[in-house]
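Number of protein chains: 2
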Amino acid sequence: MCWVSWPAFSVFLALVFSEMLYVVGLGLSDEKDITLKGLEAVKGSERVYLEAYTSILTVGKEKLEEFYGKSVIIADREMVESESDAILANAGTVDVSFLVVGDPYGATTHTDLVIRARELHIPVQVIHNASIMNAVGACGLQLYNFGQTISIVFFTETWRPDSFYDRIKENKQYGLHTLCLLDIKVKEQSIENMARGRKIYEPPRYMTINQAAEQLLEIEENRGEGLCKPESLAIGCARIGTDTQKIVAGSLEELVDVDFGGPLHSLVLIGSKMHHMEADFVREFAVNKESFDLLVKKVEESG
Amino acid sequence: MCWVSWPAFSVFLALVFSEMLYVVGLGLSDEKDITLKGLEAVKGSERVYLEAYTSILTVGKEKLEEFYGKSVIIADREMVESESDAILANAGTVDVSFLVVGDPYGATTHTDLVIRARELHIPVQVIHNASIMNAVGACGLQLYNFGQTISIVFFTETWRPDSFYDRIKENKQYGLHTLCLLDIKVKEQSIENMARGRKIYEPPRYMTINQAAEQLLEIEENRGEGLCKPESLAIGCARIGTDTQKIVAGSLEELVDVDFGGPLHSLVLIGSKMHHMEADFVREFAVNKESFDLLVKKVEESG
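Residue numbers (UniProt numbering), protein chains in the order written: chain A, 1 to 303; chain B, 1 to 303.
One chain only, chain A, in its complex shape (with noise of 0.2 Å):
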């Protein structure tokens, strides 16, 4: 006869051993992003995950193998969707930690892991980090006078969804500016490898300012709201919080032909609520400081 149910066995179980799921954000550019709190928990581990689907730092897992001196497990969108009942499996007895890029609650899949591990009454400790979320500040605007944000994702010869155009111009009806999180594909399958059940991969794409632009740009031209014309102001920024952090101010049009580098890009639409210090700010980074004034000027006038 059973004299204790499982689910009250299991929350004693994680009451005498109260170990630990560490949620650890590791920031936006390298190992030394970390902090001294999340290198603890990944040093005290048993186990160490690395979600690689919704952003990535500009060194792979083995840097970040020899930095921790223990084995990082890459941990897919598939493994951590489906299976992650065997990422938390014995958090309750040992100390295991997820990694992420960024921060732990910049995407909604980390949410998740969150909500099952206190499903399974497994203590969750967060390590927050920095994330472009806040980072963005760095392209000059103040954070405050944000709206919403928006992700912008690959268009396909069939599929060219626009429905973030309206959420640009609720942010640009009060004058705030939006930032754009631009599509990451990783372990994208072709159509062919699909159909045939084949596990093989393309390999990972990152949009790029550039490609944004010019989506936002098509889709200006079918919409028509005047919301992202050629002339409208935006910054490109990329690798923000990295060495090689690139922030380029100007108008659409003059963002699809800069070269940015590498990933990971973003891009911020500027609202017409932007005050003559966050312009002055974001005027260093213009791609031609002469018409980035003229522009300012007319957004001004017409806000």
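Among the hints, a few may not be true.
For chains that are exact copies, the list does not tell them apart, and a pair is met inside one copy or across any two.
What the hints assert, rightly or not - For lysine-lysine, the following DSS-like pairs were computed, each having C-alpha atoms within a straight-line distance of at most 27 Å:
| no. | residue 1 | residue 2 |
| --- | --- | --- |
| 1 | Lys32 | Lys273 |
| 2 | Lys199 | Lys61 |
| 3 | Lys32 | Lys185 |
| 4 | Lys246 | Lys63 |
| 5 | Lys43 | Lys32 |
| 6 | Lys297 | Lys273 |
| 7 | Lys246 | Lys32 |
| 8 | Lys70 | Lys229 |
| 9 | Lys169 | Lys70 |
| 10 | Lys61 | Lys187 |
| 11 | Lys187 | Lys298 |
| 12 | Lys246 | Lys289 |
| 13 | Lys246 | Lys273 |
| 14 | Lys187 | Lys70 |
| 15 | Lys169 | Lys187 |
| 16 | Lys32 | Lys63 |
| 17 | Lys199 | Lys185 |
| 18 | Lys229 | Lys289 |
Hint data in this document are derived by calculation from the structure and do not stem from the laboratory.
A quick note: this is a predicted structure, and the numbers were derived from the prediction, not measured.
Once you've looked at the hints, dock chain B against the given chain A.
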């Protein structure tokens, strides 16, 4: 006869002695939330300043000094705003670190310092970290569903500003959440001391979630547009990112009476676009799960 202008010579100096101003984010909790990169910058700096008026850690200056093995100069608002050149003095020839709780781009003042350094041709490296702007994801709401961030200031007898009510309205119109940063008063002078020119300061004051909720309810009574009603859903977030983090969700009326403990506090107003996955996460923090469910249902029906 002077054969080279001083600005040109200072550019030359800055290039030859390419030392740095490091603006280092400290994160949200204690001395161990600094990144390894940040700690290296601090250890290599000749002077280390700590900005101490827009936010606080859970540890004081002494703890930081002990941990860094060097002295830390407290930089108050007056110093940062009017003596930035003293902070930047010889930062072109030695390394200087300016420490900021959270992320360096969280407050306008730090942007000013970066602009001033740029004018003096001093290279600047910003070392990012978590700030409330991204760590607020801990409350269970998705960051991309937030609209613009607002600041709520302490009401006085004669000054009860409510312009942020319009910002809340803009966010709520599109179903977005609103992060409210709550006022901090450090180095305040009483009117008497100010009048007599006595540099005697009042103890620091940090607005509580309770006070913020009360002020919002008062504004609602005056404006009556239904944005911050007693039954409006919100989440109180105290000491996010620290060991004693406390998150409680409920109606504004309920939050008035919750004891959140010490600073820092912030408040999130929930928008009608809350996804059911967000609601599931937030529900765990509810003062009262049944009334929370009822209010969520009401929000869904109205949204």
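Numbered hints the structure breaks, given as an ascending list: Checked against the structure, the hints that fail are numbers 1, 8, 9, 11, 15, while the rest are satisfied.
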